[in-house]
Each structure stands twice: as C-alpha cells, then as structure tokens.
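Here the protein sequences line up with chains A and B, keeping their order.
The first sequence runs 26 to 433 under the numbering used here.
The second sequence runs 26 to 433 under the numbering used here.
Hints are not guaranteed to be accurate.
Each pair may be met inside one copy or between any two copies, as identical chains are not told apart.
To be verified - Within a straight-line C-alpha distance of at most 25 angstroms, the following computed SDA-like cross-link-like pairs (lysine to any residue) qualify: (1) Lys203 x Leu283; (2) Lys309 x Arg426; (3) Lys62 x Asp385; (4) Lys309 x Ala145; (5) Lys105 x Arg367.
These are calculated hints, taken from the structure and not from any lab test.
Protein chains: 2
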Amino acid sequence: MRAALKKPTGKNAPPEAESRIDCPAGFAAGGAACGIKPTGAADLALIVADQPASAAALFTRNLVRAAPIDISAQHIRSSKGAIRAVMISSGCANAATGPEGVRRAQRTVDALAKELKCDAREVLINSTGVIGEHLPDDKIVAAIPRLVSKISTDGLSDAMAAIMTTDTKPKMSQARHKHAGRTLHVAGIAKGSGMIHPNMATMIAVLLTDAQVNPDALDGVLRRATQKSFHRITVDGDTSTNDSVFALASGAAGEFPLEMVEKALTDVSRELALKIVRDGEGAKKLIHVQVREARTQDEALQVAKTIASSLLVRTAVAGGDPNWGRIIAAAGRSGVNIDPNRITVAANGVPLFANGRPTDTPLPAQQTAFQSDTVVLDIGLGQGSASDEYFTCDLTEGYVRINSHYRT
Amino acid sequence: MRAALKKPTGKNAPPEAESRIDCPAGFAAGGAACGIKPTGAADLALIVADQPASAAALFTRNLVRAAPIDISAQHIRSSKGAIRAVMISSGCANAATGPEGVRRAQRTVDALAKELKCDAREVLINSTGVIGEHLPDDKIVAAIPRLVSKISTDGLSDAMAAIMTTDTKPKMSQARHKHAGRTLHVAGIAKGSGMIHPNMATMIAVLLTDAQVNPDALDGVLRRATQKSFHRITVDGDTSTNDSVFALASGAAGEFPLEMVEKALTDVSRELALKIVRDGEGAKKLIHVQVREARTQDEALQVAKTIASSLLVRTAVAGGDPNWGRIIAAAGRSGVNIDPNRITVAANGVPLFANGRPTDTPLPAQQTAFQSDTVVLDIGLGQGSASDEYFTCDLTEGYVRINSHYRT
Numbered sequence: 026m027r028a029a030l031k032k033p034t035g036k037n038a039p040p041e042a043e044s045r046i047d048c049p050a051g052f053a054a055g056g057a058a059c060g061i062k063p064t065g066a067a068d069l070a071l072i073v074a075d076q077p078a079s080a081a082a083l084f085t086r087n088l089v090r091a092a093p094i095d096i097s098a099q100h101i102r103s104s105k106g107a108i109r110a111v112m113i114s115s116g117c118a119n120a121a122t123g124p125e126g127v128r129r130a131q132r133t134v135d136a137l138a139k140e141l142k143c144d145a146r147e148v149l150i151n152s153t154g155v156i157g158e159h160l161p162d163d164k165i166v167a168a169i170p171r172l173v174s175k176i177s178t179d180g181l182s183d184a185m186a187a188i189m190t191t192d193t194k195p196k197m198s199q200a201r202h203k204h205a206g207r208t209l210h211v212a213g214i215a216k217g218s219g220m221i222h223p224n225m226a227t228m229i230a231v232l233l234t235d236a237q238v239n240p241d242a243l244d245g246v247l248r249r250a251t252q253k254s255f256h257r258i259t260v261d262g263d264t265s266t267n268d269s270v271f272a273l274a275s276g277a278a279g280e281f282p283l284e285m286v287e288k289a290l291t292d293v294s295r296e297l298a299l300k301i302v303r304d305g306e307g308a309k310k311l312i313h314v315q316v317r318e319a320r321t322q323d324e325a326l327q328v329a330k331t332i333a334s335s336l337l338v339r340t341a342v343a344g345g346d347p348n349w350g351r352i353i354a355a356a357g358r359s360g361v362n363i364d365p366n367r368i369t370v371a372a373n374g375v376p377l378f379a380n381g382r383p384t385d386t387p388l389p390a391q392q393t394a395f396q397s398d399t400v401v402l403d404i405g406l407g408q409g410s411a412s413d414e415y416f417t418c419d420l421t422e423g424y425v426r427i428n429s430h431y432r433t
Numbered sequence: 026m027r028a029a030l031k032k033p034t035g036k037n038a039p040p041e042a043e044s045r046i047d048c049p050a051g052f053a054a055g056g057a058a059c060g061i062k063p064t065g066a067a068d069l070a071l072i073v074a075d076q077p078a079s080a081a082a083l084f085t086r087n088l089v090r091a092a093p094i095d096i097s098a099q100h101i102r103s104s105k106g107a108i109r110a111v112m113i114s115s116g117c118a119n120a121a122t123g124p125e126g127v128r129r130a131q132r133t134v135d136a137l138a139k140e141l142k143c144d145a146r147e148v149l150i151n152s153t154g155v156i157g158e159h160l161p162d163d164k165i166v167a168a169i170p171r172l173v174s175k176i177s178t179d180g181l182s183d184a185m186a187a188i189m190t191t192d193t194k195p196k197m198s199q200a201r202h203k204h205a206g207r208t209l210h211v212a213g214i215a216k217g218s219g220m221i222h223p224n225m226a227t228m229i230a231v232l233l234t235d236a237q238v239n240p241d242a243l244d245g246v247l248r249r250a251t252q253k254s255f256h257r258i259t260v261d262g263d264t265s266t267n268d269s270v271f272a273l274a275s276g277a278a279g280e281f282p283l284e285m286v287e288k289a290l291t292d293v294s295r296e297l298a299l300k301i302v303r304d305g306e307g308a309k310k311l312i313h314v315q316v317r318e319a320r321t322q323d324e325a326l327q328v329a330k331t332i333a334s335s336l337l338v339r340t341a342v343a344g345g346d347p348n349w350g351r352i353i354a355a356a357g358r359s360g361v362n363i364d365p366n367r368i369t370v371a372a373n374g375v376p377l378f379a380n381g382r383p384t385d386t387p388l389p390a391q392q393t394a395f396q397s398d399t400v401v402l403d404i405g406l407g408q409g410s411a412s413d414e415y416f417t418c419d420l421t422e423g424y425v426r427i428n429s430h431y432r433t
C-alpha cells in the first residue's frame, strides 16, 4: 500500500503539521505498551522498511553515550547503510549501565531481527528515559511479535507517541514535492523537551523518505539538514547520552533531484526542531535569535548561540522585559570581536539599541515586543554581510521546578 | 592612625569574617548617599591612600564595557600603577552610554582629584547598576567634598555598603600575617550576586594591603590570586560590562615576602568569591566541584567548569536530588577526552558512581549528601594526577523570579 496523497502541496509549500501523518512509501510503523513505563503508556516504537533502506544517522558527541547508541553506530557502519528497522523504547535510557547494558540491548536487537527474518546488523535501536537503570529487555522481547504484527503505513503517529517522555506535545512533520509526475514524501517524528536532560535522555528524531538516495548522499543531506535545524536549537545547553537523528530512504517513489530531497528533509527537520524548542521544559515562548552583518557565518553563529544560551536573556523574555542590555552584554562576551558602537538590536521589528546607545522607542512598545508568543531578536553587527540564527525558549520557574524535582 | 590589631592570627590562619573590618595602614575609606539610589541608601564609596599606592587591576573581558572601566584601565597605565583613590558609585552602571557616558565619568574623576589635590590619573573609578542610563554626575560631584571629609581608617565597611546592589549580604574579608616583628594586613570588600547580570553590572572587588609591593609584582600577585578565586566561580555564566578587581598596596607596613602577600591576598579573594557565590541570586546552597586524576590542570578545570555551569546539575542540587547521571553527562560533553568507565563521582564523601556504573549506596544516604548547605562534588577521572575546582550555587526558582522581573 502506498501512502495516500491527502494533501498534495506545491513545490515550495511549507511542511504540514497534522494530527496524524502517513509513512512515506516503503515503510510501516507502530507503537505498543510493553510495560517499561509504570503508567502503562506506549513505550516501544517500531519502524520497518519493506526492503533494506538507505540509512544515515547522527549521534550525540557526548563521550558518555548509551549502549544502544554504540550498537546503532556499529550497525550503520557494518550494514553499509542498508537498514530494515528502527526500534526505540522509552522510559529507560540504558545509559551508564556497563557491559550488561550492551548485552540487554543486543538481546532486543536479536529478537527483532529474528522476527523480521533479517540480519541483526540491519536493525537500529535507541532508548530514552532514566539513566543508570537496567533495560527491562524481557518486556521488550516479549512485546516484539505483537508489535511487528500490528505495524501499518498509518502507524507513524503511534510510533511517535511511544517515544514521548516529558514531551507535552506531539512532534511530527511532513513535506511533499511533485517532480516529473511523481511525488516525493518526507515524514519525520521527534521527541525532546529539553535540548537535553541526561535523565530523560533526550532528543531523538526519525526522518523517512520514499526517495531513492544512496547512503553516502543521504548522510550528506542529513548532516546539512541537521545543521539548519537540530544544531540550531538549545534549551539548556546540555547534550545527552542518547541524542540521535536517524534518516531512512526506501527508494519506493524513485529518484528525485537531491536538492529537492534536501529541501524537504531540511524543512521537516526544522519544523521538528522548533516543536522541540516550543515544548522546552517550562517554556512559554519561542525565541528566534537572528544575527546579521557579521564578517563570517561562524561569527554570526557564535554571537547567536551565545545570546540564545544566556540565562539572563531567556529570563528577561520570560518576564516580558525588553532588557536589551543583556543582549548586547551576551554579544560582548561571545568571543567575536564585535564593535559595540555598530551594534543594532531590535525585537519583533521594534528598535531597541543603535549607534552605541538605546533608541527612544517608548517603553510600552518595547514591552509589547517581548510579550509576544514568538520573540524574534534581530542583532546587526555592522561588520559584514554574513548571517546565522539560533532558536531557544524562555527560561521560566517551571523549568527549574521540573528539573529540581524530577526524581522525587 | 594605624589599624588596631584586634585579632592577631597565626601565619596560616584563615581570613577573618567580621562584621566590620579596618583599613590596612595607609588607607582611609567611607561611604555616602548621594542620591543615585531612589531608596536613599548609600551609593558612593571612596577609598583614599595617604600617599600614592601601588595599584593593579583586572577588568571584564566583555567587549561591551562601561565608560568608567575605559577610564580606569587608562589611568592604571598612565599613572604607572601609582594610585591615590578608588571611587565606586552604585545604582547606575554608566554602560552603553556612548561618549556622553565618558564625559560624565570624567567630570566625577576631575572633581575628586581637585578635592584630593592629586592628578586625575591617580584616580580609579567604577560604577554598578542599571545599564543604558546616564550617570547622575551632578549628584556625585556635589557629594564628593562631604565624602572626602568623612573618610576614616574604620570606614571600609561603609564603603562596602555603598557598592551593594542586589546583594543580600555584606562581603568583607581580611587576613593578617606576622613576619619579623611586623604585621601584614590585607583587607577586601566585594559586591556581586550573580556572577554577573548585565543590568546590575556586577562583580566588583577592592583589595587593600599595607605591604610594600611594586606595581608589577602586585599585578602578578593579583592575577594569580584571581585565578584561584574570582575566576573559579560562576552563577550564571555571563560576564558583565563593569566587572573589575582592584588591588592597592600602601607600603605603610614595610616589605614582606611576596609569597606571604600572595597567600593573604589569595585567601581574602577566595573568601570574597565564595561569599559572592553563596549570595548568588536565589541561591540556597554552595556547590564545590572538585575534579581530580586529570591528565592536566587545564582538563581538570574544563571538566569542573562544565559541571559547575550545567543547569541540570544546579537544579538537581536545588531539589536535593542525587542525580549523578547529570554530573557524568556534563563531564562527557566537556570537550575533554574522558573515559566513562574510569570516572568516580561522590557527593560530600558519599560514593555515587564507579567502574562505569552506579554504586549500591542506598538512596537515603545519597539524598542526605545533596540536602546539605554545601555540596562538594568530587569527580575522579582516573587518567592522571592533575586537579582543579570550581564553585557555583544551586539554581532555584528564585533566580528565575529575580531575573524575570528585575525591571518590572
């Protein structure tokens, strides 16, 4: 069965955010409750390709990484990027669990490979949840036959529900592009509600497409798409032990221009990334930091990242306080050789600072800009023509509350 | 008048924390309310040396720095480190105020120099308070004659009170060492209640000694003392537009071994630094991160700083949650090539993690360690013999509350 084209969209249409999304052609997915989460909620997600699909993956750079990450990184290499299935469990991260953690993860891989009648190296896995506890592999192994029997082409939303932890909102996105009478379909799911919180270790995204792309090309596309999405967001500056982004291409819809695949994958990744930030722990507002007029893109990025990571900027936005002093002070400590007399700062189009001093914009107008659901901070450095951006959320008392009492 | 030796202490005695401290010989100090703070609280501090004193200073590395910092940095150079007075106002940072800010700051310098009948280059100044507002220089100039007439050798506590902003506790420290029948005296005052908050721009410390030290040697001593104190603390990772540490040596008590001066200055700086962290915005606990068994001191410092800067570690301590997973995850992303299987983690002596997995310490014992007023996190890397440390405070809802509503 091929995914129905319920909403065919134009070539440059933005990704769709729907309540349910279909699998791209060549994939089936589903979710089940296997008993890891004490609430009885869904906690085991499975995505299966009809035939070995091209695969690429990016993993956390944290040196303390979980057992399933080690196994998946090895399988991506040893299978030469030909993958049949991705299985993700939630409720237990299987991180900091030593050799026993690897043994238990491997047991679940072997059970799934047996059920799918494929090579164990064709399976990618990950886990998300509490660090330092052993994976209840018996529960996963017992649930696999039932889960495999129920996967379907419209089960991607169920897979997404099964990887949620502290997420309060679903995170799905898809894009379709027409080309030469055929339709390219990219669909993605993600979880994450802190860029990372090692205890609920953390950001995971799975991107699927029916385009035919070889593993090397897919790896390049995924890296570039991630640069413009998941690598441009921060909630609390931490990177987790289990962070990963998987991309699978079934080839069922044939070949498309690589630029088209890249655009669709980037759009979907970006929408998922913004959903993660908006659902950041305790977050009420999205902060979009745009830095322009930099000498180089690296410098623009460095300034944008420093501002987006500033607790003082983020608390000011939480309080609706047009505190531009914190923005220029963050720029000043970014390590980039900025010139304070050339900086301009505006929020949602309202000018706050220019020519080395505050503008005469009345305070009520400044405050309105900071009270919006989305606050776009525009910083001009007056030194060149390069630009970059970063996304974050406001830092509220809710964030501290959630993270102070997570285990109690 | 020479400072009375109320509490002579041994050679290795820790610095004294008293409710009032005396000026070291050769200095007088005082504070006054000149009308910058709307509450009518003291807001102008003055320290005067009887004769030109050796001086050294360290300033914020933020490229957006306040007018008084530019002037003081220039005076330290042009006076070749011979300084008569330090004047600090609170309530207005005189930062991001353009050329007008420099003119106003210079007016206050000229008025003080005239009153003291010294060269303007022999005056150091700083301001702390709100960014982007113009310094009320008329008020300062009008108050100078009165302030100069009332300074005394026991006025250092009054000077300290006049530089407080969001500080909730006084920050003074002194140390005395006997040598060859004479007594070396070092006294210091500081303000700061966030490593920095650009709006209340921020950490300022003044260190005085009666030892005879030439400016170059004093500069070296100050740099090394600061490395072990003010450069080992973080509250929120931001550096302000007005941060500075001043050191003045009158020479009135004669020469002492430089190591003795350095030890006393370091002890006093360290006590002041810890007082700043303990008085961090919203803070209830001091966190002392010790990293041992590193290959190099730089690596130990990098790991310690990353852990101390982690919002997740700091919120866990706020909640009394022995969440070692966040500690090792922070170590794993520090950029240092650690080995997760060699790491040990303990809190207040209670082992939490070793041999790549959690210890079997019962949870109540772990929790007790995290509920203490001071939480010492001891991290062994198992890779060498170098060590370093960092201090921070817990991150509470109070921090967010203070910083969300600072101007509203």
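Okay, the hints, checked on the actual structure:
no., hint, verdict
1, Lys203 x Leu283, "within (13 angstroms within a copy, 78 angstroms between copies)"
2, Lys309 x Arg426, "both (14 angstroms within a copy, 15 angstroms between copies)"
3, Lys62 x Asp385, "between (55 angstroms within a copy, 23 angstroms between copies)"
4, Lys309 x Ala145, "neither (43 angstroms within a copy, 51 angstroms between copies)"
5, Lys105 x Arg367, "neither (51 angstroms within a copy, 32 angstroms between copies)"
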